[in-house]
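**Student:** Here's the letter readout for the chains.
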Amino acid sequence: MENMLLLTVILLPLLLTACVIILSRRPRARNAITLIVSILVTLLVFFICDRFGGSAAERISLFQLLPGIDLAFRIDSAGLLLAAVSSFLWPITNIYSIGYLEESGSAGSTRYFACFSLSIFATLGVAFAANLVTLYIFYELLSLATFPLVGHRKHIDSQKACRVYTGYLLGSSLLLLLPAIVLTYIFAGSVDFSPGGILKGTASGPVLVLLLLMFMFGVAKGALMPLHVWLPSAMVAPTPVSALLHAVAVVKVGVFSQFRILSSIFGFTLLKSISLAGFSGQQILIVLTVITMVAADILALSQNVIKRILAYSTIGQLAYITLAFSVAAPYSVAAGLMHIAFHAFGKITLFLCAGAIFIACGAKQVNEIRGIAWKMPVTMSCFAVGALSIVGLPPASGFISKWYLLLGAFSHGFHFVFYAVIISTVLKAFYLLRILVIACSREHTDCVERACEQGRIVLCVAPVAITAILVVVTFFFSEMFFELAKLAVSQIQGL
Amino acid sequence: MGGWPAPIGIVYEVDSLNALFIILVQFVSLLSLIHSRHAVNTSYGENSGSFYALYLLLVTGLSGMTLTGDAFNLYVMIEIVALSNYALIASQRDRATFASFNYLIAGSVAAGLYLIGLGYLYVKTGTLNMADLRTHLSTMQHSPALMVALAALISGLFIKVGLFPFHSWLPPAYSYAPDPVSSITAPLTTKVSLYVLVRILFWVFGTDFLASTDSWSFLIVTLASVAIVVGSVLALRASELKRIFSYIIIAEVGYVIGGLWLFNKAGFTGAVFHIFSDGIVTLCLFMAALNIKEVYGGSHLSALSGMCTRMPWTASTLIVAGFALVGIPPTGGFVSKWFLLNGAIAAGMWHFAAALLFAGVINLIIFYRIIEPAFFEPPPTSTNNIKTTRIPVLIAAVIIILLGLNSGNVIESFIYPITPY
Chain A
1 MENMLLLTVI LLPLLLTACV IILSRRPRAR NAITLIVSIL VTLLVFFICD
51 RFGGSAAERI SLFQLLPGID LAFRIDSAGL LLAAVSSFLW PITNIYSIGY
101 LEESGSAGST RYFACFSLSI FATLGVAFAA NLVTLYIFYE LLSLATFPLV
151 GHRKHIDSQK ACRVYTGYLL GSSLLLLLPA IVLTYIFAGS VDFSPGGILK
201 GTASGPVLVL LLLMFMFGVA KGALMPLHVW LPSAMVAPTP VSALLHAVAV
251 VKVGVFSQFR ILSSIFGFTL LKSISLAGFS GQQILIVLTV ITMVAADILA
301 LSQNVIKRIL AYSTIGQLAY ITLAFSVAAP YSVAAGLMHI AFHAFGKITL
351 FLCAGAIFIA CGAKQVNEIR GIAWKMPVTM SCFAVGALSI VGLPPASGFI
401 SKWYLLLGAF SHGFHFVFYA VIISTVLKAF YLLRILVIAC SREHTDCVER
451 ACEQGRIVLC VAPVAITAIL VVVTFFFSEM FFELAKLAVS QIQGL
Chain B
1001 MGGWPAPIGI VYEVDSLNAL FIILVQFVSL LSLIHSRHAV NTSYGENSGS
1051 FYALYLLLVT GLSGMTLTGD AFNLYVMIEI VALSNYALIA SQRDRATFAS
1101 FNYLIAGSVA AGLYLIGLGY LYVKTGTLNM ADLRTHLSTM QHSPALMVAL
1151 AALISGLFIK VGLFPFHSWL PPAYSYAPDP VSSITAPLTT KVSLYVLVRI
1201 LFWVFGTDFL ASTDSWSFLI VTLASVAIVV GSVLALRASE LKRIFSYIII
1251 AEVGYVIGGL WLFNKAGFTG AVFHIFSDGI VTLCLFMAAL NIKEVYGGSH
1301 LSALSGMCTR MPWTASTLIV AGFALVGIPP TGGFVSKWFL LNGAIAAGMW
1351 HFAAALLFAG VINLIIFYRI IEPAFFEPPP TSTNNIKTTR IPVLIAAVII
1401 ILLGLNSGNV IESFIYPITP Y
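Chains as they are written, first to last, in the numbering used here: chain A, 1 to 495; chain B, 1001 to 1421.
Because the hints were derived from the structure by calculation, they are not lab data. Hints should not be assumed to be uniformly reliable.
Label-pair distances were calculated between CB atoms; the ranges are [as the list claims (entries may be wrong)]:
1) A/E58 / B/N1041: 23 to 33 Å
2) A/Q493 / B/Q1026: 23 to 33 Å
3) B/R1369 / A/G105: 27 to 37 Å
4) B/D1208 / A/S190: 26 to 36 Å
5) A/A29 / B/L1030: 36 to 46 Å
6) B/L1030 / A/A462: 54 to 64 Å
7) B/D1208 / A/L210: 34 to 44 Å
8) B/I1418 / A/E58: 30 to 40 Å
9) B/P1312 / A/L43: 27 to 37 Å
10) B/L1219 / A/S273: 34 to 44 Å
11) B/R1369 / A/E102: 28 to 38 Å
12) A/G105 / B/P1312: 18 to 28 Å
13) A/A18 / B/E1046: 36 to 46 Å
14) A/A29 / B/E1377: 23 to 33 Å
The beta-carbon is built from N, C-alpha and C at its ideal position, and this holds for glycine as well.
Can you build the whole structure from these sequences, using the hints too?
**Tutor:** This is the structure:
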């Protein structure tokens, strides 16, 4: 029964893509059906979460992709977490998109909505993939489906951004990820995800560390430096697309794939035991993620365009999640998984606020929004809540994941990680609060005069309020995510 | 044939390898025929009859090459294919005439080398039937004459398929040829010649004989890697669609030849599957090029603005074919790349694996350069208002994806039963 539900959940967005293309001349019908299907998918995912007891579910195998390797899906808690986050934020982003496109010109909206639902299809495929090749197929589909979204406004800026975007994402997966998958198949004879990893004892330590690095950098959607450049460039996209890229789909798929590779291909025990030049795989990964995290926060300090500040903040947060996985303590891995959800809610709030500001008065830079808090109070209070979550302070849910990460890191002796996270928190507070302080100042700039929260902007402001409320609600009622994360951790061996 | 039993008479035999390629030949020729009907009427007018006659002769020759079990009959069929190709390519009497003449010279040299090789084999074994040759060769001592035979056969076939450095006749011939002609010649001629190479190598000579030529295999795999790199780089420098696709064919030939000379199961599977899947991909590419030429009046890269809006169906088939060439799943191209990479790493031929990855990236750049103006720029107002034939191209694109999704079944039914390793 769950398997039929799973297939329905995965295939619905694909069917929606076809419907959107068919209904291209009737925007109202198209908007209606997009909303209905997105809400339906969300309800189905939550239904599956509810019924799923943590027992090992069966695999569904659809096609024989290669002899011995099939296109297969399986339900498990970590996948449900990613699916729940993506599917829940999808209808919200849809409502926002409808408002945003009406305000900023609706040329190409069929392509927009079609690619959007195709991206969600790809995300759900990654969430439930049961082997590396299936994951790779949907991972690549996501890169391709988001290309027309990044290039939606056909300016010269979007053209350049698309080159960087495609170049980094497809280049890294062709040169690093694909060979890594082939090598895994050669070493282990299989590409299936299994609880303790499949690479144990198949090759020597240094070779496996190199394979690990090929995987971690090959999954460029996880934005480890220096393969992070595509993220700030993709900011030229319309805001709902940036919200999708940075909260819902692309980046979460990146860290989720890294999680799957660490837990079900390598295994955490193997991660600690392989070494290269005297450093264990775990240590190397921790150093790389800490460098990315701190460097991203430092880079964010010097930016002026709001969306670019948020982009660098995302790079830092993704490194933070991967760091949580690398520490390989039960609390920290659970924290990493929960942060996939909590960061999503917080970041999407911030991005949707930035978009609402842009629609209301055309402002993109921090110095242009002087005093906007008095004209758009709802928007800026939501921004404050989102900022609290990213910095990691109560009563925002980002605090919970930070608490568990620090607990896990300290209890396993990674004091260096502890201090690095504290430094990063301080930096984040600095650059996010700077935006709030400027927004609350008593003087106004010219474009702020025009800003207001009435009229059609409501379609943009309401979803922001929903996500901000979610940020606070998940702080108080975090059981669902905590349970899923705990279940996922219990299914992993080697922690 | 003619009532004479084998091994004296000529026989036609079908096994699963043959079956795969005869399906390819018939399918491609049917689709290409349906697709180019309008173009044939426009460009040939009253001479369409001669076009169709030569076309059918070409298909006969290709089917004969695929199905025959006799080595000399194979030579006859090679010549039939070659002659119909020369005539078809030159049939519009423009630049293609010289390209066809070039092809004629190269093709005749190649056929001559094939004949020399076959002559040595006949002198040593006394038979021309392929199965019989195999029986004789497996019991014979290795002599210089047999090595020369192998070398001559391989060299002739290398020229025929256009392996670097014998590739220079291919791009002009395929790109200047009239569009209806290139839709059938480009996918099929090279691929069927590659099939012939597989047949001669593994069925006439056999893996034991080939094992004694191990010293050549590194050289040939290196040559194939160079072919891949050169083909990809030349495709990057070209600026007209059919030229680009012809250079890509040269790179794909490198994939197959390298895969065959890896002498392991994965390499063989990858190479054979690649011949089949790349045949469909090339068909898709050239049919799309024909459509683009009809609408835009030319197929120079600089002229392709707005193709995604003006011709969305053709553009999407071009994109699917591009995915197959880059190696993005779930297309047939990904499957062959998977097997070839597996085989290359297993055989320790790292330079071949590197060339494969390099080609993927270069193909990405090539297709990005085609698609970028197609997506970002608005279509020019001067395009013709023609309804292009889209169904055959769409069918080809769908087959590429189906191949990628179902390759396990295809490989297990056609290739694994007859794999020599």
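**Student:** Okay, B/L1219 versus A/S273 on CB: inside 34 to 44 Å?
**Tutor:** holds, 42 Å
**Student:** If you check the beta carbons of B/R1369 and A/E102, does the distance land in 28 to 38 Å?
**Tutor:** The hinted range 28 to 38 Å holds for B/R1369 and A/E102, with Cβ atoms some 35 Å apart.
**Student:** So the hint says 26 to 36 Å: do the beta-carbon atoms of B/D1208 and A/S190 match that?
**Tutor:** Check passed, 32 Å falls within 26 to 36 Å.
**Student:** Look at the Cβ atoms of A/E58 and B/N1041 and judge whether their distance stays inside 23 to 33 Å.
**Tutor:** The hinted range 23 to 33 Å is violated for A/E58 and B/N1041, with Cβ atoms some 56 Å apart.
**Student:** Given the range 18 to 28 Å, decide if the beta-carbon distance of A/G105 to B/P1312 lies inside it.
**Tutor:** holds, 21 Å
**Student:** Quick one: are A/A29 and B/L1030 within 36 to 46 Å, going by C-beta?
**Tutor:** holds, 39 Å
**Student:** B/L1030 and A/A462, beta-carbon distance inside 54 to 64 Å?
**Tutor:** Holds, since B/L1030 and A/A462 (Cβ atoms, about 56 Å apart) stay within the stated range.
**Student:** Do the Cβ positions of A/A29 and B/E1377 conform to the proposed distance bound of 23 to 33 Å?
**Tutor:** Check passed, 30 Å falls within 23 to 33 Å.
**Student:** Please check whether B/P1312 and A/L43 have a Cβ separation lying inside 27 to 37 Å.
**Tutor:** holds, 33 Å
**Student:** Range hint 30 to 40 Å: satisfied by the CB atoms of B/I1418 and A/E58?
**Tutor:** holds, 35 Å
**Student:** Kindly confirm whether 27 to 37 Å is satisfied by the beta carbon distance between B/R1369 and A/G105.
**Tutor:** Since the Cβ atoms of B/R1369 and A/G105 sit about 28 Å apart, the hinted range of 27 to 37 Å holds.
**Student:** Holds or violated: the 23 to 33 Å window for the beta-carbon distance between A/Q493 and B/Q1026?
**Tutor:** violated, 53 Å
Hint violations for this structure: numbers 1 and 2, all remaining hints satisfied.
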